[in-house]
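Trainee: Protein sequence lines correspond, in order, to chains C and S. Under the working numbering, residues 1 to 339 are what the first sequence spells out, in order. Under the working numbering, residues 1 to 516 are what the second sequence spells out, in order.
A portion of the hints provided could be inaccurate.
Below, simulated DSS-like cross-link-like pairs (lysine-lysine); rule was C-alpha separation at most 25 Å, straight line [said to hold, decoys possible]:
| no. | chain 1 | residue 1 | chain 2 | residue 2 |
| --- | --- | --- | --- | --- |
| 1 | S | K381 | S | K208 |
| 2 | S | K44 | S | K123 |
| 3 | C | K322 | S | K122 |
| 4 | S | K44 | S | K381 |
| 5 | S | K381 | S | K210 |
| 6 | S | K123 | C | K322 |
Example chain C residues on the side facing chain S (calculated, C-beta under 8 Å, incomplete) [claimed, not checked]:
| no. | residue |
| --- | --- |
| 7 | G50 |
| 8 | P72 |
| 9 | L84 |
| 10 | V98 |
| 11 | Q313 |
| 12 | A314 |
By construction, these hints were calculated from the structure, which means they are not laboratory data. Beta carbons: idealized from backbone N, C-alpha and C, even for Gly.
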Amino acid sequence: MDLQTLWFAAVAVLWTGFLLLEGFDFGVAALLPVLGRRPSDRHLMLRSIGPLWDGNEVWLITAVGAVFAAFPGWYATWLPALYLPFVLVLFGLIIRAVAFEWRHSHHTPAWDSSWTWVITTGSLIAALGIGAALGATTLGLPIDADGNRVGGAFAGLGWPALLGAVAVLAFSLVHGAMFLALKTDGPLRAAAGTFARRWAPVAALPLLAWAGVVHLRYGTTVTAVLWLVAALALVVAWAQIVVGREGQAFAAWGAMLVAAAATVFGAAYPVVVPSTIDAAFDVTVADASVSDYTLTVMTWAAGFGLPVVLSYQAWTYWVFRKRLTAEPVHEEPAEVPAS
Amino acid sequence: MDVLDIARWQFGITTVYHFLMVPLTIGLGVLVAVMHTMWVRTDKPEWLRMTRFWGRVYLINFVLGVATGLVQEFQFGLAWSEYSRFVGDVFGSLLALEALLAFFLESTFLGLWIFGWGRIPKKVHLATLWAAVIGSIVSAYFIIAANSWMQHPVGVVTDDETGRPVQVDFLAVLTNNTALAAFSHAIVAALMVAGALLVGIGLWHLRKRKLAGAPTTDAEHAVWFRSVRLGGWVSLVAFVLVALTGDWQGKLMYEQQPLKMSSAEALCETEAPASFSILAWGKLGSNECDDVHSITVPYLLSYLAHGDFSTAVPGVNQLQEEYAAVYGETYPDDPSFGDKAGEPIDYTPVLAVTYWSFRLMIGMGAVSAGVAAYALRATRKGRVPTSRVGVHGSLLAVAAPFVANATGWIFTEMGRQPFVVYPNPDVPVEDQVWFFTAQAVSPGVSAGEVWTSLISLTLVYGALAVVELWLLTRFVRAGITTGDGAPVPGSPPEGTPDDDLPDGRDRTDDVLSFAY
Numbered sequence: 001m002d003l004q005t006l007w008f009a010a011v012a013v014l015w016t017g018f019l020l021l022e023g024f025d026f027g028v029a030a031l032l033p034v035l036g037r038r039p040s041d042r043h044l045m046l047r048s049i050g051p052l053w054d055g056n057e058v059w060l061i062t063a064v065g066a067v068f069a070a071f072p073g074w075y076a077t078w079l080p081a082l083y084l085p086f087v088l089v090l091f092g093l094i095i096r097a098v099a100f101e102w103r104h105s106h107h108t109p110a111w112d113s114s115w116t117w118v119i120t121t122g123s124l125i126a127a128l129g130i131g132a133a134l135g136a137t138t139l140g141l142p143i144d145a146d147g148n149r150v151g152g153a154f155a156g157l158g159w160p161a162l163l164g165a166v167a168v169l170a171f172s173l174v175h176g177a178m179f180l181a182l183k184t185d186g187p188l189r190a191a192a193g194t195f196a197r198r199w200a201p202v203a204a205l206p207l208l209a210w211a212g213v214v215h216l217r218y219g220t221t222v223t224a225v226l227w228l229v230a231a232l233a234l235v236v237a238w239a240q241i242v243v244g245r246e247g248q249a250f251a252a253w254g255a256m257l258v259a260a261a262a263t264v265f266g267a268a269y270p271v272v273v274p275s276t277i278d279a280a281f282d283v284t285v286a287d288a289s290v291s292d293y294t295l296t297v298m299t300w301a302a303g304f305g306l307p308v309v310l311s312y313q314a315w316t317y318w319v320f321r322k323r324l325t326a327e328p329v330h331e332e333p334a335e336v337p338a339s
Numbered sequence: 001m002d003v004l005d006i007a008r009w010q011f012g013i014t015t016v017y018h019f020l021m022v023p024l025t026i027g028l029g030v031l032v033a034v035m036h037t038m039w040v041r042t043d044k045p046e047w048l049r050m051t052r053f054w055g056r057v058y059l060i061n062f063v064l065g066v067a068t069g070l071v072q073e074f075q076f077g078l079a080w081s082e083y084s085r086f087v088g089d090v091f092g093s094l095l096a097l098e099a100l101l102a103f104f105l106e107s108t109f110l111g112l113w114i115f116g117w118g119r120i121p122k123k124v125h126l127a128t129l130w131a132a133v134i135g136s137i138v139s140a141y142f143i144i145a146a147n148s149w150m151q152h153p154v155g156v157v158t159d160d161e162t163g164r165p166v167q168v169d170f171l172a173v174l175t176n177n178t179a180l181a182a183f184s185h186a187i188v189a190a191l192m193v194a195g196a197l198l199v200g201i202g203l204w205h206l207r208k209r210k211l212a213g214a215p216t217t218d219a220e221h222a223v224w225f226r227s228v229r230l231g232g233w234v235s236l237v238a239f240v241l242v243a244l245t246g247d248w249q250g251k252l253m254y255e256q257q258p259l260k261m262s263s264a265e266a267l268c269e270t271e272a273p274a275s276f277s278i279l280a281w282g283k284l285g286s287n288e289c290d291d292v293h294s295i296t297v298p299y300l301l302s303y304l305a306h307g308d309f310s311t312a313v314p315g316v317n318q319l320q321e322e323y324a325a326v327y328g329e330t331y332p333d334d335p336s337f338g339d340k341a342g343e344p345i346d347y348t349p350v351l352a353v354t355y356w357s358f359r360l361m362i363g364m365g366a367v368s369a370g371v372a373a374y375a376l377r378a379t380r381k382g383r384v385p386t387s388r389v390g391v392h393g394s395l396l397a398v399a400a401p402f403v404a405n406a407t408g409w410i411f412t413e414m415g416r417q418p419f420v421v422y423p424n425p426d427v428p429v430e431d432q433v434w435f436f437t438a439q440a441v442s443p444g445v446s447a448g449e450v451w452t453s454l455i456s457l458t459l460v461y462g463a464l465a466v467v468e469l470w471l472l473t474r475f476v477r478a479g480i481t482t483g484d485g486a487p488v489p490g491s492p493p494e495g496t497p498d499d500d501l502p503d504g505r506d507r508t509d510d511v512l513s514f515a516y
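Bound conformation, chain C alone (with noise of 0.2 Å):
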């Protein structure tokens, strides 16, 4: 495998990493006013992903960082094509990371409640344009021989892009409810694994439609292989649920999302922004990258740093690994005066 396909396989990981653990803290947050009925429940529920959350976000960051850094042809074109639905990204994503802090900052219930619907409203904000975002671009832009769009400001919006927000709010939504009930305990666990039950099937299908478009559209047998597994892992994810294995849906719910993400990304390989103007302006791998040099540094700076950081975000995960209820934490008396 060249560095190039190698890049883009890094790529395809980080983001897929993004999807797959932002995708349940974006689902917790747009829940809270589904599930968190209580202000202990809602408490619970920003509790479980209190110390996660950040970290999750930088997957984001670095997958964006590694766009810029393998392919900048892509991320030149890719940005300013559709510079407002990332506009608003931006905006969900930091209305929502301070709202998270501050949200505890000060104490009245209408201070909370304010902040609380923030964390919603920028958490679906966020996980939609986003959506939009790889949607339209894995369905195409309208992208000239230059890779500068065309069309005015919302060109490249269409069906695709709305297919990708819905696609992504979808399964963020089912995979929060799935982490709750991995990770909470009480009436709000029984409540989130309802709601997993009963919205699972609906909330894959806009997902599993997008890889199936993007597969039919540009496929081999080896995507309509993953395509499948993807269809394969619902099934059991659903199954699981209803039996309330909760840890053995998460997982499946999780591994949907990866098969599908690897069906869209194997798919659209080696194209990384199609055009909808003329296929000869199409953004490849071999258009937008850097020099071998510049890849090979890169290559051996993942190749140390990546392990390195997957050891301590799994020690994270580790950390705050036990179920959270509304009983209050008790401690091991300390060592110092409570003065």
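Please build the complex by placing chain S on the supplied structure of chain C, with the hints as guidance.
Mentor: What follows is chain S alone, placed relative to chain C:
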């Protein structure tokens, strides 16, 4: 305004705003980590209380730095796609390495630190904070290396076919002398920000307590007193280092971007020996430096530029001619230059901006050092100052190093115009890499789109600033007795649970109430 101007305003506003958070995050992160280390080593409760109080201030601010940093990573592509295409072989990899090697570290371990109280062993927990702090410093290094490459491109050759730089020496990019100087300058400047905060707030609490007749023997007094002493020493030592690293950076700039430095001095004609300008008047805004008059210190500029008292320092007029001779009198008549195609090129940056930002940077840094010296003197041998002017002045002066940091960046960024990638004078002209700001902007993006993002981001940033300041002020005013009502982490329950919390949270038992 055309897309170029709007995009430049957007970059300026979002970057300066982001850079208000960054020095505080870096500087305060280091100091909180020191406090936490002192607590682990000595077990003294005041160190824990300091860690918790300043840790909260750190966190309230940290998240805003992260959120506004996101915009930075995207906007190179959004508004500056031609720039991204041009520099892709170097610049993008530094951003990606920042994310991979630094930002993951910072975000993941900060989450562990916030939620790890009483959950992981004490020393491991301390290590998580250090990991996060080191992450933020490494992150600053990669970003400054990326910026310094734009100021002084090294380690590349020009691709004959595309005309774009191709990286040939990654190590040269990482060890760019511009980057090493700028990084050390920025890190010590960040410590000044944190030091000033500790001094201003600490003195204010000390004075308030003294006027109220509070004891000077309790833990709360110790918290504020130590904060002032620590902050004062950090500020003072950092100021010396800021001056030394600034001198290093200045001397490099005289070699690498002489126009930036001559504009900083409004030095029109080449002088030998050259005088340093203290104050200037006249039509600085006209960008004709012949209209400017200033009060000067003889010989000083030669010394600052070259380390001796007699060397000639080139003036703006000469440099403008030299640059025009090499890089062209006018922008190429090419559509990629938009409205600027065929227009004459002004190689002199906006004099009013470079001149005054340079002076504000140095002046505000000096104010900060003065306040630190005052605070250390006023608290010698356990004394507590009651001077209204001194204490309130110190509180006001918390803003000074922020202004110094912001104007420093404005100076360095505006001073390298009209280039976004400045030609490296160490390289023969035919092998040089350079890129005009005018050709960097995204060609496919409309003015309406950039207006939309500029206005919406500015409004959101403004609103966030109001909330952040309100939160910080409220938290800081309350001090450590009421504002930080959560118990010492891991302590046995004391008293009855506080039922007032809206979530029904139990303040005494919930270890997470430290942060969430």
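Trainee: Each of the hints needs a verdict: does it hold here or not?
Mentor: Comparing the hints with the structure gives:
Of the supplied pair hints, the one linking K381 of chain S and K208 of chain S holds, its CA atoms being roughly 19 Å apart against a limit of 25 Å. Restraint check for K44 of chain S and K123 of chain S: the C-alpha separation of about 15 Å stays at or below 25 Å, so the hint holds. This hinted pair checks out: K322 of chain C and K122 of chain S have alpha carbons roughly 19 Å apart, not beyond 25 Å. Simply put, K44 of chain S and K381 of chain S have alpha-carbon atoms about 20 Å apart, close enough for the 25 Å limit, and the pair holds.
The suggested pairing of K381 of chain S with K210 of chain S holds, with an alpha-carbon distance near 16 Å, which does not exceed 25 Å. For the hint pairing K123 of chain S with K322 of chain C, the CA-to-CA distance comes to about 21 Å; that is within 25 Å, so the pair holds. Taken as an interface hint, G50 of chain C checks out: its beta carbon lies about 5 Å from the nearest beta carbon of chain S, inside 8 Å. Checking P72 of chain C against chain S by beta carbon gives a least distance of about 2 Å; that is within 8 Å, so the hint holds.
Interface restraint check: L84 of chain C against chain S, minimum CB-CB distance 6 Å, threshold 8 Å, status holds. Because the closest C-beta pair between V98 of chain C and chain S is about 5 Å apart, less than 8 Å, the hint holds. Against a cut-off of 8 Å between C-beta atoms, the interface hint on Q313 of chain C holds, since the closest Cβ of chain S lies about 6 Å away. Annotation: interface hint on A314 of chain C violated; nearest CB of chain S at approximately 10 Å, more than 8 Å.
Of the numbered hints listed earlier, the single one contradicted by the structure is hint 12.
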